[in-house]
Amino acid sequence: MPAAILVALKFIFVALVYLLVWRVATAVAEHVGAKPWRVLGGPGTGLTVVRSDTQNGLEFDVRQPIVLGSGGEADIHIDDAYASDLHARLEPGEESLTLADLGSTSGTYVNGKRVTAVVALSRGDSIQIGKTVLEVK
Amino acid sequence: MVRAHGPPDPMSRQAEFVFVCGSGGLAAFGVVLVNLAREEVRATPALAAFVVLAVAFGLLLVALRAWAPDATPLLVPTASILAAVGFVTIYRLDEDLAGLHSWWLLLSATMSAIWLYAVSEKGLGHRGGGWWPLLALAAGLVAIPSLGSGSDLIWVAWESGPALVLDPGEIVKLVTVALFATLLSERQAFFSAGGRYTASLNPARVTTVWPSLVLLGLVLVGVAIRDSGTSMIVLGMFCVMAYMATDRAAYLVGGLGAGILWLVAGPWLSGGIQTRITVWTDPWNQPEGPGNRLAEGLYGLGAGSLSGTGPGLGDPGLIPDSTTSLVFAAVGEELGLAGTVVVLAAYALMVVTGFGIALRARQVFHKLLAGGMSLLLGGPTALSVAGVVGLLPGTAMPIPFLSYGLSLTMAGFVILAVLARVSHEERV
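Chains as they are written, first to last, in my numbering: chain A, 1 to 137; chain B, 1 to 428.
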């Protein structure tokens, strides 16, 4: 086997290793940069979906601002035809969670009242987005 | 519970399978290159390399899909690349050893699959009190043979020879991570108080911590005499994990202080350590003695230069322990700086993924377990590379996935399985 071919094959071998590691590296970078979708919370910082066609029982905690909606940009996906892409934002406040509507088409309701400004939430409150109802735990 | 719309899966399960087969192909290609360099054309070894890598890691993927379906898909592909590079290096140095290594890969994958099945029912969970004294006892028992006057860390040796030796050091490391994670998560308050009694601590619970710590100290001293690398890793793991659990920087400072003290006082404590430091300070003047390890490793790396001699075209056989402790030098000789950099990058990716799991985990026990396992991957690799290039005295040690060894390969697969299980349970 001519030495030149062996040298060329050596470079191909190393290049293949780089290619494989590069593929993992891009996947890891994507994963590391992604927002954690569930974070730890105490009483009054968690939500549970109590009425939905497909998401009953879904639980999540809010330790940083998160956006609910049906679009790919939302932190928590709401599987509801009446939900806007970016529907509402939840934020952990000093004392409790706060909720703001993000100009959704169908509106956001807390305990049956349409949200027009930022509202503070407490345990047991129900949030309605389209047909989906979430409860503050 | 329904899975929420989280971050998009960075790699699909199908992509993972394709990737693992790609690593098998890489190993086969490497084996072909080695044989071409020897002017041989043989299809069987290349085919065997492909089958072993694809089956071993494929088995792990099947087990993960069955018993930890939400596990991160980022760990196994990286490990399979490293195992492929390691396999080619071992095959190039010793074909028979590569044959044995194939069996160790398959055995380790089977064992980790069985482990994944065993924990799938109840999960890793928090098993409550009573576990850490048992783990401490296990660590002590495993470490006892290393306290003896034997020349090496041989715990279980079959009659066939040194190829079948189990290294208790690997078991000690795994058991101590589990011990630290359990101890620190259950007795977080004790360690946060720096070992002092506080009003919030029940003295009866505090006193039960001490015997474990004393035993741990004995293990450290015992292992330190025979195997300084393992003792440094165990100590480092404790300090970093205690810092993770308590947020007290004193543990990190203490660990660093102990490391420096070991460097300064080591030569007076043990002849072995003294020799290592002498060799480290002047490797070139001891060509025939124990200095061979460092000097030959450096010669190997130098011969490899930027792009290496090419698989099968160098002389890594001249490097002592080139299939185990100095495997990094053997890789450097045949794949050059280009090869060693990508190998280090792969380890870094695994450690980043592991710590990512630890950071996103909500349970303290899971956090510490994932953090400790990531340290177990990164720590020995960093120390070993530092030892090979002469940054630290004589810390060159076998590294998971790249080096030959049964206990080492098993430990590597166990680390993968534990990290995958934690990421499945935490869904991070």
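Hints are computed from structural coordinates only; laboratory data are not their basis. C-beta: ideal position from N, C-alpha, C; glycine also. Incorrect hints may appear among the rest.
[Unchecked claim] Stretch-level coverage of chain B by chain A, calculated; a stretch enters the list once three of its residues show a Cβ under 8 angstroms from a Cβ in chain A:
| # | stretch |
| --- | --- |
| 1 | 51-59 |
| 2 | 71-77 |
| 3 | 317-325 |
| 4 | 352-358 |
So, going through the hints one by one against the coordinates:
1. 51-59: violated (count 0)
2. 71-77: With 4 residues in contact (Cβ-Cβ under 8 angstroms with chain A), the coverage given for the stretch 71-77 of chain B holds.
3. 317-325: As far as the stretch 317-325 of chain B goes, the hint is violated, because 0 residues have Cβ atoms under 8 angstroms from chain A.
4. 352-358: holds (count 3)
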